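**Q** Sequence:
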Amino acid sequence: MAMTAAQLLVECLAAQQCDRVFTVPGESFLPVLDALRDSETIQTVTCRHEGGAAFMACADGAMNLSGSGRPGVCFVTRGPGAANASIGVHVAFQDSQPMILFVGDVGRPMRDREGFQEVDFPAFFAPLAKWAARIEEAARIPEYVARAYAVAISGRPGPVVLALPEDMLHESGLDVAPRPFVHRPAQAPCPDAIMAMMALLADAAAPLAVVGGAGWGAKAHEYFARFAERIGLPVATAFRRQDAISPASPVYAGNLGYGPDPKLAERVRRADLILAVGARLGEATTDGYTLITPDHRGQTLIHVHPDPNELNRVYRTDLAICADVGEFSECAALWDEGEIIPFDAGAEAHREWREWSTPGDTGHALDLAACLAAAREVLPADAIVCNGAGNFSGWWHRYWPYAGYPSQLAPTAGAMGYGVPAAVAAALRFPDRCVLAVAGDGDFLMTAQELATAAQYHCNLLVIVIDNGAYGTIRMHQERAYPGRVSATDLRNPDFVTYAVSFGAWAKRVATTDAFREALEQAVERRGIRLIHCMVDIEQLSAAGATVSALRGR
0 MAMTAAQLLV
10 ECLAAQQCDR
20 VFTVPGESFL
30 PVLDALRDSE
40 TIQTVTCRHE
50 GGAAFMACAD
60 GAMNLSGSGR
70 PGVCFVTRGP
80 GAANASIGVH
90 VAFQDSQPMI
100 LFVGDVGRPM
110 RDREGFQEVD
120 FPAFFAPLAK
130 WAARIEEAAR
140 IPEYVARAYA
150 VAISGRPGPV
160 VLALPEDMLH
170 ESGLDVAPRP
180 FVHRPAQAPC
190 PDAIMAMMAL
200 LADAAAPLAV
210 VGGAGWGAKA
220 HEYFARFAER
230 IGLPVATAFR
240 RQDAISPASP
250 VYAGNLGYGP
260 DPKLAERVRR
270 ADLILAVGAR
280 LGEATTDGYT
290 LITPDHRGQT
300 LIHVHPDPNE
310 LNRVYRTDLA
320 ICADVGEFSE
330 CAALWDEGEI
340 IPFDAGAEAH
350 REWREWSTPG
360 DTGHALDLAA
370 CLAAAREVLP
380 ADAIVCNGAG
390 NFSGWWHRYW
400 PYAGYPSQLA
410 PTAGAMGYGV
420 PAAVAAALRF
430 PDRCVLAVAG
440 DGDFLMTAQE
450 LATAAQYHCN
460 LLVIVIDNGA
470 YGTIRMHQER
480 AYPGRVSATD
490 LRNPDFVTYA
500 VSFGAWAKRV
510 ATTDAFREAL
520 EQAVERRGIR
530 LIHCMVDIEQ
540 LSAAGATVSA
550 LRGR
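If you read the sequence shown in numbering that gives the first Met the number 0, its first letter stands for residue 0, the second for the next number, and so on.
Calculated from the structure, these hints are not laboratory results. No experiment lies behind these values; they were computed from the predicted model shown. Note that the Cβ used here is the ideal one computed from N, Cα and C, for glycine as well. Please note that the accuracy of each hint is not assured.
Per label pair, the in silico range of CB-to-CB distance [unchecked claim]: (1) A217 / D191: 52 to 58 angstroms; (2) G114 / F180: 33 to 39 angstroms; (3) A402 / R479: 41 to 47 angstroms; (4) P126 / A13: 30 to 36 angstroms; (5) Q455 / H476: 35 to 41 angstroms; (6) G552 / R268: 25 to 31 angstroms; (7) P341 / S486: 50 to 56 angstroms; (8) P108 / P430: 41 to 47 angstroms; (9) D513 / H182: 51 to 57 angstroms; (10) H169 / P126: 30 to 36 angstroms; (11) E265 / P79: 47 to 53 angstroms; (12) G552 / T361: 17 to 23 angstroms; (13) T361 / S486: 24 to 30 angstroms.
Could you put the whole structure together from the sequences, leaning on the hints where they help?
**A** Structure representation (structure tokens):
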């Protein structure tokens, strides 16, 4: 049946099993919006800012890796809309998450005249995306959409950007069919490589695994834990990949990143073999490439990654295995040659992590460690915890169990404002699970307007705002470099409770640990949007124990 280009585009998305798109509408792609209105399988979610919409699509792609594996999809308009959305594209790239951004573009006859909001989008997004292109011919829409899905989900997953010339979308009379469903390549590991890996592990005295990252999904979550538990291999998760295996696993050793357990950091340094699966071993995970150095002298590095371009890119690799991490994990779990004598280190590392992750009370009126102890008692352990950037997240990274999968949505790229949009996407994707957005006061106001999106689509989510009246992470670095010389990091905030209530939310302000527990207990008995505004002393700078007084030398 003949159709318009916009209708063909929507049909192509449906053929790829896209069931939801996030958008801020623009006149440059009105035909697509009209075609989406008629779709029986694709929900259109209207957002309040393109940055929020792109964060939602990125988070949706991350969650889909546990199931369908489909990219999150976002539509924005040209110029300012695309620029606003670029933050989500950057996060998807650095986080290795599948996402497709469609950008309404100027008409083809208008190009190169600096028309209204004109930008060369393939050039603009080239450094931020796996592939950025413009669809010039309507008849090639099926080709471009299928390729976009293939690029986004294959190898190291990531974002794709496609520009849609406005006049092209109006073309009609097209008699072209969508391409078939695109599957992620299986990429099974080479048996010889698995055999070599097992031999290296058998010879190791103090091995350690670092897991989570590109293509990690439910299959890797299950099978890698089986493999590691069978041989007693300690498993650390890469930065903000704490749900890669269950922290209840008897070999879970904790998470790497900012402020890790000092005992875990020392265990990494002492390891004679590092098995990195899915992880890029980036700056945050390796503490600036110092915890595991690119040449890792005295250590053997086995690096398993689905993208050959990542292997030997930064790190000298002793054994490189290019494979899908789920396929690799299953193969490792089922490999049973009996050559590895189980290690005691896994259980020992797990005991150390349990000690490190047990909350105490440091004596503050609203003590964040004690609040996490309350949260562990009140909230389900498999709650999906979403956060952006800031020291506030450190308490959750240290003390929260991240028991389910997926249960952590947090940008390894360190983008502020990710938490609330990610929570909206999570509440839509998993309406029966507890969804929690944790945000600092500065972080929250980056995308707080997406509470309107949550209200419009009847999302069930809880927001906890940690308010210390400052950009706390920057304040910590400032106090280290220039003690006592506070500049540009103090914040004057609105009444967050009144703000939340304006969206129809239940909200409460708390200033003590006991009041936090009481508010949390009240919040879990309700549905819809709930917000707890936590007034925190700026003295509590980090979960690792940094305080303003200590940094000033008092």
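**Q** All the hints need checking, so say for each whether the structure fits it.
**A** Structure-based check of each hint:
no.	hint	verdict
1	A217 / D191: 52 to 58 angstroms	27 angstroms, violated
2	G114 / F180: 33 to 39 angstroms	37 angstroms, holds
3	A402 / R479: 41 to 47 angstroms	34 angstroms, violated
4	P126 / A13: 30 to 36 angstroms	31 angstroms, holds
5	Q455 / H476: 35 to 41 angstroms	38 angstroms, holds
6	G552 / R268: 25 to 31 angstroms	28 angstroms, holds
7	P341 / S486: 50 to 56 angstroms	55 angstroms, holds
8	P108 / P430: 41 to 47 angstroms	45 angstroms, holds
9	D513 / H182: 51 to 57 angstroms	53 angstroms, holds
10	H169 / P126: 30 to 36 angstroms	31 angstroms, holds
11	E265 / P79: 47 to 53 angstroms	49 angstroms, holds
12	G552 / T361: 17 to 23 angstroms	19 angstroms, holds
13	T361 / S486: 24 to 30 angstroms	27 angstroms, holds
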